[in-house]
Amino acid sequence: MTLPLKPLQLAVQWLDEPELAFANGLTHIDPKVGIPASGPWSRDHFNHPSSVTVGFIGTGDSIAKARAWLSRAAEGVDGNDDHHPFCGFQLAGPFASQLRTNGPEAKITAGEIRDLTGSRLRRLEGLRHLLEVIDNRLMQLASLDSPPTLVIITLPAAITKRYWAVHQMNRGVETVWNLRAGIKARAMQRGLRTQLLQQETIESDLDAHTSDLEHPADLAWNLFTAIYFKSGGFPWAPVGIPEGTCHLGVTFYRPHGERSAMRTSVAQAFAENGEAFVLRGNPFEWKGKWPHLPADEAARLITDVVDRYTQTMKRPPRRLVVHKQSRFFPDELSGFQDALNHYEYDLVALAPSTGVRLMRHGDYPPPRGTCLRLGNRRYLYTTGYIPSLGRYPHGHVPTPVQITDHIGDSAADDLLREVLLLTKMNWNSARFAERLPVTVRFANEVGAILRDLPDDLAPEARYAFYM
Numbered sequence: 001m002t003l004p005l006k007p008l009q010l011a012v013q014w015l016d017e018p019e020l021a022f023a024n025g026l027t028h029i030d031p032k033v034g035i036p037a038s039g040p041w042s043r044d045h046f047n048h049p050s051s052v053t054v055g056f057i058g059t060g061d062s063i064a065k066a067r068a069w070l071s072r073a074a075e076g077v078d079g080n081d082d083h084h085p086f087c088g089f090q091l092a093g094p095f096a097s098q099l100r101t102n103g104p105e106a107k108i109t110a111g112e113i114r115d116l117t118g119s120r121l122r123r124l125e126g127l128r129h130l131l132e133v134i135d136n137r138l139m140q141l142a143s144l145d146s147p148p149t150l151v152i153i154t155l156p157a158a159i160t161k162r163y164w165a166v167h168q169m170n171r172g173v174e175t176v177w178n179l180r181a182g183i184k185a186r187a188m189q190r191g192l193r194t195q196l197l198q199q200e201t202i203e204s205d206l207d208a209h210t211s212d213l214e215h216p217a218d219l220a221w222n223l224f225t226a227i228y229f230k231s232g233g234f235p236w237a238p239v240g241i242p243e244g245t246c247h248l249g250v251t252f253y254r255p256h257g258e259r260s261a262m263r264t265s266v267a268q269a270f271a272e273n274g275e276a277f278v279l280r281g282n283p284f285e286w287k288g289k290w291p292h293l294p295a296d297e298a299a300r301l302i303t304d305v306v307d308r309y310t311q312t313m314k315r316p317p318r319r320l321v322v323h324k325q326s327r328f329f330p331d332e333l334s335g336f337q338d339a340l341n342h343y344e345y346d347l348v349a350l351a352p353s354t355g356v357r358l359m360r361h362g363d364y365p366p367p368r369g370t371c372l373r374l375g376n377r378r379y380l381y382t383t384g385y386i387p388s389l390g391r392y393p394h395g396h397v398p399t400p401v402q403i404t405d406h407i408g409d410s411a412a413d414d415l416l417r418e419v420l421l422l423t424k425m426n427w428n429s430a431r432f433a434e435r436l437p438v439t440v441r442f443a444n445e446v447g448a449i450l451r452d453l454p455d456d457l458a459p460e461a462r463y464a465f466y467m
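Residue numbers (the UniProt record's numbering): 1 to 467.
Hints listed in this document are in silico derivations from the structure and should not be mistaken for laboratory results. The model shown is predicted, which means the values in this text are computed figures rather than measured ones. Glycine residues also receive a C-beta, built at the ideal position from the N, C-alpha and C atoms. Accuracy of the hints is not assured; some may be wrong.
What the hints assert, rightly or not - The calculated lysine-lysine pairs, modelled on DSS-like cross-linking and capped at a C-alpha distance of 25 Å, are:
(1) LYS161 with LYS65
(2) LYS107 with LYS161
(3) LYS107 with LYS65
To be verified - Computed spacing ranges between beta-carbons, pair by pair:
(4) GLU174 with THR117: 37 to 43 Å
(5) TRP286 with MET139: 34 to 40 Å
(6) LYS314 with LEU10: 45 to 51 Å
All chains, full assembly: derive it from the sequences and hints.
Below, the structure is given as structure tokens:
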């Protein structure tokens with residue numbers, strides 16, 4: 001018997017590049033154009049940091065090099081045809097903020113470094129000792145009458161190479177202990193925001209691109225954008241997200257060393273102005289590969305997000321959009337929908353796809369913003385050729401993000417435009433855009449930090465502590 005095959009509906013469209021908001025009402029698609037032209041978005045608002053005092057943790061040599069490198073970078077860095085020059089971080093410049101590199105320091109001694117690099121010291125034991133040393137220095141800075149706005153932590157390359165990631169096998173379960181996550185978790189407990197600077201960075205020449213690092217101008221852009229955000233400012237804000245909208249990404253992590261099937265959920269939420277916060281859910285049991293929330297946990301997570309949004313924005317949300325990287329299971333869906341019953345909502349599952357690709361004539365891949373509709377499935381190119389830049393700034397063959405599931409009120413095209421916009425909302429750098437929206441982009445990093453926090457300690461809600 002021959003079964004008739006229905007023709008597959010195929011359509012391709014291109015979504016315009018979303019704009020971002022900067023100071024003085026300026027909108028532009030590129031932070032590296034918008035900030036020099038008008039200043040960061042918060043320059044017009046109460047949370048603008050007009051002065052940033054930087055404290056330091058490191059060896060005497062690394063601290064001296066970091067002070068000099070940051071002071072020089074804050075003056076501005078030349079670019080070229082492919083790299084926007086960095087406009088500097090000066091009170092009289094576009095950022096309208098003064099970087100004070102004469103802040104307090106807490107040194108790690110030569111003896112402590114020697115102990116940490118001893119050949120007899122097991123790596124996990126050494127990592128724990130290193131984190132104790134750094135935590136001690138964090139406490140020193142936090143106890144000052146005037147703690148620094150931000151703490152720069154700069155360690156010798158021999159230390160970071162040895163302890164950046166330590167793998168441990170225990171009864172067949174591999175645990176990865178992460179130096180960055182350990183530092184962030186301890187700094188959070190001390191109420192300090194941190195920025196890690198590698199030895200290779202502080203020893204690089206800002207006037208010549210001679211190392212394997214990214215271009216000096218890009219390096220400065222990314223670093224000072226992060227510094228501005230961690231100091232309380234918003235470098236830019238999204239344009240086009242309706243007032244009262246809260247986007248949240250739901251992700252999961254497994255506690256350290258857990259052979260069992262325990263998981264903990266994390267909500268990373270973003271208001272329509274870019275205000276961001278992180279909430280940790282309760283542990284629950286899940287035996288499959290892709291965790292899904294029990295109905296009561298899904299409902300509780302939404303309630304907690306609504307409460308935090310209302311506290312932050314001084315009004316309740318009107319619409320909530322949930323992003324996940326796996327489909328919604330029935331119990332999970334029921335819990336979300338019960339909690340969202342009085343709001344407009346969209347439940348969206350999205351994930352990178354390697355099964356479908358578009359080809360085009362010429363030397364470049366499909367433009368960023370290209371959307372392929374294949375039957376009921378939609379694929380969005382969040383990376384690709386960028387017409388405004390006249391080039392493709394990535395080294396890999398781009399693959400689209402697939403919308404694998406959608407339940408809710410909004411039209412599919414509107415959801416795709418929001419996903420495209422949220423790929424531009426990473427304030428930890430000044431890149432044109434990322435592959436994944438910020439709601440799920442930092443899932444592993446945030447989970448790793450929360451994994452290192454004591455269970456009885458409420459995590460810091462403000463997103464800047466995780467970056």
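Hints versus structure:
| no. | hint | in the structure |
| --- | --- | --- |
| 1 | LYS161 with LYS65 | 19 Å, holds |
| 2 | LYS107 with LYS161 | 20 Å, holds |
| 3 | LYS107 with LYS65 | 13 Å, holds |
| 4 | GLU174 with THR117: 37 to 43 Å | 25 Å, violated |
| 5 | TRP286 with MET139: 34 to 40 Å | 37 Å, holds |
| 6 | LYS314 with LEU10: 45 to 51 Å | 46 Å, holds |
Checked against the numbered hints listed earlier, the structure breaks hint 4 alone; every other hint is satisfied.
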